[in-house]
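Letter by letter, the sequence shown follows residues 1 to 390 of my numbering.
Worth flagging that the hints you see were computed from the coordinates, not collected in a lab. Some hints here could point you the wrong way.
[What the hints assert, rightly or not] When the alpha-carbon atoms are kept at most 27 Å apart in a straight line, the in silico BS3-like pairs for lysine-lysine are as follows:
#1 Lys383 x Lys369
#2 Lys302 x Lys89
#3 Lys302 x Lys337
#4 Lys162 x Lys89
#5 Lys298 x Lys383
#6 Lys383 x Lys325
#7 Lys185 x Lys164
#8 Lys302 x Lys280
#9 Lys298 x Lys280
#10 Lys76 x Lys280
#11 Lys185 x Lys162
#12 Lys337 x Lys298
#13 Lys258 x Lys68
#14 Lys223 x Lys154
#15 Lys298 x Lys343
#16 Lys337 x Lys369
#17 Lys28 x Lys162
#18 Lys302 x Lys343
#19 Lys223 x Lys152
#20 Lys28 x Lys56
#21 Lys280 x Lys56
#22 Lys258 x Lys28
#23 Lys152 x Lys162
#24 Lys302 x Lys369
#25 Lys152 x Lys185
#26 Lys76 x Lys258
#27 Lys89 x Lys383
#28 Lys68 x Lys56
#29 Lys302 x Lys223
#30 Lys89 x Lys258
#31 Lys68 x Lys28
#32 Lys76 x Lys162
#33 Lys76 x Lys298
#34 Lys343 x Lys383
#35 Lys258 x Lys164
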Amino acid sequence: MRNPLSDTITAIPPSGIRKFIDIGSEMKDTISLGVGEPDFDTPWHVREEGIFSLEKGQTFYTSNAGLKELKVEICKYLERRFHVSYDYKDECMVTVGGSEAIDIALRAMLNPGDEVLIPQPSYVSYPPCTILAGGVPVSIQLEEEDQFRLTKEKLLAAITPKTKVLILPFPNNPTGSIMELEDLKEIAEVVEEYDLFVISDEIYSELTYTGDHVTIASLPGMKERTVLINGFSKSYAMTGWRLGYACAPAIILQQMLKIHQFAIMCAPTTSQYAAVEALKNGDEDVIEMRAAYDERRKYLVKAFNEIGMDCYEPQGAFYVFPCIKRFGMSSDEFALKLLEEEKVAVVPGTAFGDCGEGYLRVSYAYSLKNLQRAMERIERFAKRHLGEKE
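Based on the provided sequences and hints, a complete structural model is requested.
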């Protein structure tokens with residue numbers, strides 16, 4: 001019997017995020033700080049709109065690109081919040097989460113052998129999706145000394161004649177780093193000079209703590225080169241609704257929509273009606289959740305630094321990225337021992353790229369009470385192992 005499997009897919013390792021979470025789920029009294037999922041319920045008025053759509057029998061397919069009402073609200077939102085204007089008819093589509101948008105953007109844009117620049121540490125799906133689209137992922141290793149931001153120098157050093165796409169994963173998962181206006185201006189100059197395109201994953205855009213998020217698509221000349229990806233999972237605590245969107249030049253979006261038509265048909269109808277309500281009346285919900293995350297962020301940074309685990313202050317998303325190099329363990333070894341000895345699940349930095357070695361991703365999308373309980377255990381672990389080493 002011949003091998004039924006694709007060589008391409010079997011060569012791709014599974015996500016490194018799930019390993020420790022899955023182990024911890026089978027252990028009693030485990031505190032998990034591993035999943036990037038808000039602990040808030042979807043706001044009631046948003047859930048209510050979803051329920052109402054079901055009661056009205058709105059359970060049919062929408063158009064492939066999504067409900068007109070939702071696309072209109074998405075475009076209004078992007079102009080209101082981030083000062084970039086899109087035509088809802090030709091430049092906006094609704095997807096099954098931001099993850100689908102990343103996948104179909106790469107498949108629509110890449111020819112075999114095209115190189116995709118991926119700043120890392122970053123979300124785990126970018127390299128596999130690049131490979132599945134026939135492209136070649138090229139890692140740009142970000143460093144703590146730059147606050148894990150992408151610099152012009154690092155970008156220039158990675159460009160080759162085969163480079164076509166730059167992924168901008170900011171605010172960043174797992175580091176919590178952001179790109180400010182001046183940072184993006186320098187990147188935009190390079191993108192234009194070398195005739196590149198940008199896939200800007202802005203799923204954490206509403207979770208910034210030192211000022212409003214800036215999208216590279218709002219800079220002169222960049223809207224024509226950018227696929228802007230966002231969604232509802234993080235900002236509105238709508239992870240299970242599986243809803244995202246992409247805005248892009250019509251020439252790119254038409255081909256993304258073609259893939260979406262054949263693979264998906266349309267995003268969930270109930271979720272789309274709920275998302276209209278979220279965009280129209282959800283600003284206060286976002287503000288409330290962001291304030292809670294900010295409190296947790298400050299607590300964790302202070303707590304890690306106090307127990308001798310150096311932790312720079314992230315300015316976006318809902319993760320901290322403490323350094324564990326002084327422990328003399330790999331990230332994988334540290335995470336496994338912490339889980340076995342203290343029943344706290346975190347994710348090793350290497351799950352997000354080799355340059356994540358020496359770090360851990362710790363999510364603060366959990367209650368302050370749970371974070372405090374977890375930090376008591378982590379402090380006990382740190383004291384024990386630093387004492388052994390010293």
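(message) Next pair to validate is Lys258 with Lys68; report whether the Cα-Cα distance is within 27 Å.
(response) Holds, at about 18 Å.
(request) Starting from Lys302, check that the Cα of Lys369 is at most 27 Å away, please. (result) Within the cut-off at roughly 15 Å; holds.
(request) Take the C-alpha atoms of Lys302 and Lys223, compute the straight-line distance between them, and say whether it is at most 27 Å. (result) Measuring from Cα to Cα gives roughly 39 Å; hence the hint is violated.
(request) Take a quick look at whether Lys185 and Lys164 sit within 27 Å of each other, Cα to Cα. (result) At roughly 19 Å apart (the allowed maximum being 27 Å), Lys164 and Lys185 satisfy the hint.
(message) Hinted pair, alpha-carbon criterion (27 Å max): Lys280, Lys56. Please report holds or violated.
(response) Cα-Cα ~20 Å, so holds.
(message) Would the hint linking Lys152 and Lys185 be met if the CA-CA limit is 27 Å?
(response) 10 Å, holds
(request) With a cut-off of 27 Å on the C-alpha distance, tell me whether Lys76 and Lys280 pass. (result) 9 Å, holds
(message) Run the distance test for Lys258 versus Lys164: straight-line Cα separation, threshold 27 Å.
(response) Since the Cα atoms of Lys258 and Lys164 sit roughly 21 Å apart, the hinted pair holds (cutoff 27 Å).
(request) Take the C-alpha atoms of Lys383 and Lys369, compute the straight-line distance between them, and say whether it is at most 27 Å. (result) Distance ~21 Å between Lys383 and Lys369 Cα, so the pair holds.
(request) Would you check the hint for Lys68 and Lys56, treating anything up to 27 Å between C-alpha atoms as holding? (result) At roughly 18 Å apart (the allowed maximum being 27 Å), Lys56 and Lys68 satisfy the hint.
(message) Would the hint linking Lys28 and Lys56 be met if the CA-CA limit is 27 Å?
(response) Violated: Lys28 and Lys56 sit about 43 Å apart, past 27 Å.
(message) Holds or violated: Lys298 and Lys343, Cα atoms, limit 27 Å.
(response) Roughly 23 Å separates the two Cα atoms, so the pair holds.
Figure legend: structure checked against the earlier numbered hints; hints not met, in rising order: 2, 4, 8, 9, 17, 20, 22, 27, 29, 31, 32, 33.
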